[in-house]
Amino acid sequence: MKSLLGKLGGLLAQEYTLIRGVRGDIQYITDELSSMQAFLRDLSTAPDGQDNRMKDWMKQIRDIAYDCEDCIDDFAHHLPDDSITDVRCSFIARRISELWTWWPRREIASNIANLKVRAQQIAERRSRYGVNNPSNGNSGTSGARAATYDIAEHQLASRQLIGMKEPVGMMTDMENLEKWVNKLDGERAVLSIVGFGGVGKTTIATALYRKVSNIFDCRASVTVSQNYDQDAVLRSILNQVMPQDRGHEQHCSGTESLEEKKLAAQIRSTLKRAVSLTKVNSQRINDRSFDTKQIKPETMDHDQLVEELKRRLAEKRYLLLIDDIWSAKTWESIRICLADNNKCSRIIVTTRFQAVGATCSQRDRIDHLHTVNFLNGNDSKRLFDQSVSESQSSRHGEKVQDQVPAEIWKICGGLPLAIVTIAGLIACNPSKGEVCKSQFPTVDRLTLDGVTRILDCCYNDLPGDLKTCSLYLSIFPKGLTEEEVAETYFNQLMRRKIIRPVEHCSNGKVKTFQVHDMVLEYIVSKSSEENFITVVGGHWMMPAPSNKVRRLSMQSNGSKHGNSTKGVNLSQVRSLTVFGSLNQLPFHSFNNGIIQVLDLEGWKGLKEKHLKDICKMLVLKYLSLRQTEIAKIPSDIEKLEYLETLDIRETNVGELPRSVVQLKRISSILGGNKNPRKGLGLPQEKGKDPRKSMLPQEKSKDGMKALRILSGIEIVGESTAVAGLHQLTGLRKLSIYKLSIQKDGDTFKELRSSIEYLCSCGLQTLAINDENSDFINSLDSMSAPPIYLIALELSGKFERPPPWITKLHTLNKLTLSVTVLRTDSLELLCTLSSLFSLTISLSAARQDKDIEDILEKNKSQSDGEIFVPFGFRSLKLLRFFAPLVPKLGFSNNAMPELEIIEMRFEAFEGLLGIDTLEKLQEVHLRVNDQTDEITKLLVDDLKNNTNGLKVIVDHIVTA
Numbered sequence: 001m002k003s004l005l006g007k008l009g010g011l012l013a014q015e016y017t018l019i020r021g022v023r024g025d026i027q028y029i030t031d032e033l034s035s036m037q038a039f040l041r042d043l044s045t046a047p048d049g050q051d052n053r054m055k056d057w058m059k060q061i062r063d064i065a066y067d068c069e070d071c072i073d074d075f076a077h078h079l080p081d082d083s084i085t086d087v088r089c090s091f092i093a094r095r096i097s098e099l100w101t102w103w104p105r106r107e108i109a110s111n112i113a114n115l116k117v118r119a120q121q122i123a124e125r126r127s128r129y130g131v132n133n134p135s136n137g138n139s140g141t142s143g144a145r146a147a148t149y150d151i152a153e154h155q156l157a158s159r160q161l162i163g164m165k166e167p168v169g170m171m172t173d174m175e176n177l178e179k180w181v182n183k184l185d186g187e188r189a190v191l192s193i194v195g196f197g198g199v200g201k202t203t204i205a206t207a208l209y210r211k212v213s214n215i216f217d218c219r220a221s222v223t224v225s226q227n228y229d230q231d232a233v234l235r236s237i238l239n240q241v242m243p244q245d246r247g248h249e250q251h252c253s254g255t256e257s258l259e260e261k262k263l264a265a266q267i268r269s270t271l272k273r274a275v276s277l278t279k280v281n282s283q284r285i286n287d288r289s290f291d292t293k294q295i296k297p298e299t300m301d302h303d304q305l306v307e308e309l310k311r312r313l314a315e316k317r318y319l320l321l322i323d324d325i326w327s328a329k330t331w332e333s334i335r336i337c338l339a340d341n342n343k344c345s346r347i348i349v350t351t352r353f354q355a356v357g358a359t360c361s362q363r364d365r366i367d368h369l370h371t372v373n374f375l376n377g378n379d380s381k382r383l384f385d386q387s388v389s390e391s392q393s394s395r396h397g398e399k400v401q402d403q404v405p406a407e408i409w410k411i412c413g414g415l416p417l418a419i420v421t422i423a424g425l426i427a428c429n430p431s432k433g434e435v436c437k438s439q440f441p442t443v444d445r446l447t448l449d450g451v452t453r454i455l456d457c458c459y460n461d462l463p464g465d466l467k468t469c470s471l472y473l474s475i476f477p478k479g480l481t482e483e484e485v486a487e488t489y490f491n492q493l494m495r496r497k498i499i500r501p502v503e504h505c506s507n508g509k510v511k512t513f514q515v516h517d518m519v520l521e522y523i524v525s526k527s528s529e530e531n532f533i534t535v536v537g538g539h540w541m542m543p544a545p546s547n548k549v550r551r552l553s554m555q556s557n558g559s560k561h562g563n564s565t566k567g568v569n570l571s572q573v574r575s576l577t578v579f580g581s582l583n584q585l586p587f588h589s590f591n592n593g594i595i596q597v598l599d600l601e602g603w604k605g606l607k608e609k610h611l612k613d614i615c616k617m618l619v620l621k622y623l624s625l626r627q628t629e630i631a632k633i634p635s636d637i638e639k640l641e642y643l644e645t646l647d648i649r650e651t652n653v654g655e656l657p658r659s660v661v662q663l664k665r666i667s668s669i670l671g672g673n674k675n676p677r678k679g680l681g682l683p684q685e686k687g688k689d690p691r692k693s694m695l696p697q698e699k700s701k702d703g704m705k706a707l708r709i710l711s712g713i714e715i716v717g718e719s720t721a722v723a724g725l726h727q728l729t730g731l732r733k734l735s736i737y738k739l740s741i742q743k744d745g746d747t748f749k750e751l752r753s754s755i756e757y758l759c760s761c762g763l764q765t766l767a768i769n770d771e772n773s774d775f776i777n778s779l780d781s782m783s784a785p786p787i788y789l790i791a792l793e794l795s796g797k798f799e800r801p802p803p804w805i806t807k808l809h810t811l812n813k814l815t816l817s818v819t820v821l822r823t824d825s826l827e828l829l830c831t832l833s834s835l836f837s838l839t840i841s842l843s844a845a846r847q848d849k850d851i852e853d854i855l856e857k858n859k860s861q862s863d864g865e866i867f868v869p870f871g872f873r874s875l876k877l878l879r880f881f882a883p884l885v886p887k888l889g890f891s892n893n894a895m896p897e898l899e900i901i902e903m904r905f906e907a908f909e910g911l912l913g914i915d916t917l918e919k920l921q922e923v924h925l926r927v928n929d930q931t932d933e934i935t936k937l938l939v940d941d942l943k944n945n946t947n948g949l950k951v952i953v954d955h956i957v958t959a
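Residue numbers (the working numbering): 1 to 959.
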């Protein structure tokens, strides 16, 4: 409604674009919808629910609002530009423009007249059928206002690291299950975890999977659900168990191994052995016998998938987690595709149904069936208190627990999903506690209907904007996660326990979220009820919509007809999101004049002819072609004048067309492939002097002024585009995946000048991967430090961080080449007061002789051990990604807030003093499978002698 009222106001402002008489109709519609919006706001804060008549009337309002917006969008590109109809233009020019656009203006006049009649009828229908005004109670209104105010108070999501959590009340069960998994019986065995929806099956299975995964040769985790795609499941398993391409594991193996590595290994005092230095001959990985056959599971048919999967698993001890199986038939179809190799392999399955669990684990002496029960009173209270504590607001420094009604957790009947959901509601709106307690009786066991009623209570408490945000979750298939969409709203949904964080970025922001299947099922149902999003295919067996489809999510489910849109009215689709291996999309059924969002990520059926259709979608705002097989963007993309985001990451597109500079509203261009480092070329001015930029041009003086993110580009040789970077003064993120230029060339000078200028204009994120240009060393002498940076990544052959780095008081994420890893560099960095994460990595395509020489020089200057000084007062995440991680020694509580250490390596020389890091919770080690024996010994020592510290070891199999 908000966006529509804005568009109606904009249309009224265009004096000469409307036919006489239409202005009054538009004004009437604007006033009527504005009143309806106020009515709906009051309705959303009413303490009582809506009856069926009210829900139907609300649906009619939504439909006319959609149709009004579609009408305006459909004709927007046919109406004259403001400049043509400006009052300063000549009388003749105005008249010519009016004649030229007479037909679209007449058609929009006719449609608006019809919409006015519909608006009148809707208003009359309300009184005719007795749809009453809402009776607002004080509690409902104040609760909504408090929630809205709370959102405004928390504009930025808190930074956090997502660690492993033990399921509450399951300690004994977890210990028993872990012992069962670790048994060395030869046959493959199946563990079935059975329980009511929301009781914690997936939580237990996932925690167990992560805890024991390091003892297996390979592992995979997949979600199945009620309506599943068998080939997609097999393809996912195969992708996870296949050896990883070395190009995609640069941070951990990076390059070829060093010959005759010198490993300094200190055996810890707990081993009671002397310190010694040992030379270890390490054979090159490329000389070993590996299966280097390049296989793409995406292109395999069913028989090929089964054959390849069995071959990959035949000689390995594997661990599989197969979540949410609904039938014995589904289990059997997956089981026969897996190798039974007598290697002590384990399969963990979860299911809601006892009979299915018994079928999966039918061999009494080998398999195991575990039933998950509801929590008892003490564990329920502990989970509730823990969840409230995680979600509670510290805005006023108050303790939410002090306002919680006694024993409110008892209304949840021991069901973990209900407990954490109610806890999230109470933490965000404490006044709801007494209301919930009066609405729900205390029960020993919660029924499915009870879960739905609790979800209803939590959903109805959401402010209007948060309801809309939560309904958007129904676009995404079950089991998949979504990147940060709206940071403020997602933070609120996370605090309310509607979504849960799964993975964090290195800067501490939550990167991916997940929704419990029962919550997602509720959201999908609610979206269908309100005609908000239509899901075709996928896990949900939804009936075909009878209304016009507005937002369409097409999901593959393996059925030939399960993702069909036959008989569905697609003429009003404004948002299309695609998941899975769909054969075709109904492009011919769409109205190109109103589509605003097109997310085709991963769709392998995208062809050049489809790009021609896409370039006709004139009001398109968001276009994602990520992970498709396109190789070229057509020059007609300049027609998409409303385009704001263009995502072509992990495609074959090597260069942008020159016409892209005509996109005045473009704010994000995302390209290239970070691993391996493959960049997107900027459009070149062919045949021109390299010193002359593609920007500015006479036709596009305002071109790309709105650009905020330019990520994944490459600059190689002399470039005509580099000088144009000066013009992008609004840029906030610049990421160069590949830089290879001559030090004495014009491009080198222009790029240096551009970066210095952009940093002075407010650039916040800068990433440069300098392969051999010595460019990053030239940044030492910048005339002024880039004080606005909050994230900095510098990769290349340099030995020390730039001296101005100590003046970056807002820097919270820093990534530097492993070549700077020395004691004096850490002494320079330890004063950065806002630094949240520090990554030392090697991202070069090959570890050449120059890098080896720098590493050896650093080791010799530091006597073989890098000393970490006291400081780093805000650092919570420390990461080392390199073939060889030298010995690191920590001074007493050197990093007082450090929570997680992550390391990926082929060789490792030891961590000393980590027992002094008081807040350290986890150490993640990803070890290359070709590592030497001394490294393995040090890793085992670290794992077994850490006094309760979680040490997670993951062995990487490389091709």
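It should be emphasised that the hints constitute simulated quantities derived from the structure, not laboratory data.
Computed from a prediction, not measured in an experiment: that's the story for all the values here.
Watch out, some of these pointers could steer you wrong.
[Claimed, not checked] Distance condition first, Cα-Cα at most 30 angstroms in a straight line; then the derived DSS-like pairs of lysine-lysine:
1) 604 / 310
2) 183 / 511
3) 183 / 116
[Unchecked claim] Derived DEER-like restraints, expressed as beta-carbon distance ranges:
4) 296 / 460: 57 to 65 angstroms
5) 197 / 302: 26 to 34 angstroms
6) 760 / 629: 39 to 47 angstroms
7) 807 / 179: 20 to 28 angstroms
For every residue, glycine included, the Cβ atom is placed at its ideal position computed from N, Cα and C.
Quick rundown of the hints versus the structure:
Straight-line distance between C-alpha atoms of residue 604 and residue 310 comes to about 25 angstroms, which keeps the hinted pair within the 30 angstroms bound. For a cut-off of 30 angstroms, the pair hint linking residue 183 to residue 511 is broken: about 36 angstroms separates their Cα positions. Pair hint residue 183 plus residue 116 does not hold up; C-alpha atoms about 73 angstroms apart against a cutoff of 30 angstroms. Evaluation of the 57 to 65 angstroms hint for residue 296 and residue 460 yields a failure: the beta carbon distance comes to about 47 angstroms.
Here the CB-CB span from residue 197 to residue 302 is close to 30 angstroms, well matched to the stated 26 to 34 angstroms. Evaluation of the 39 to 47 angstroms hint for residue 760 and residue 629 yields a pass: the beta carbon distance comes to about 41 angstroms. The hinted window of 20 to 28 angstroms between residue 807 and residue 179 is violated, with their beta carbons roughly 55 angstroms apart.
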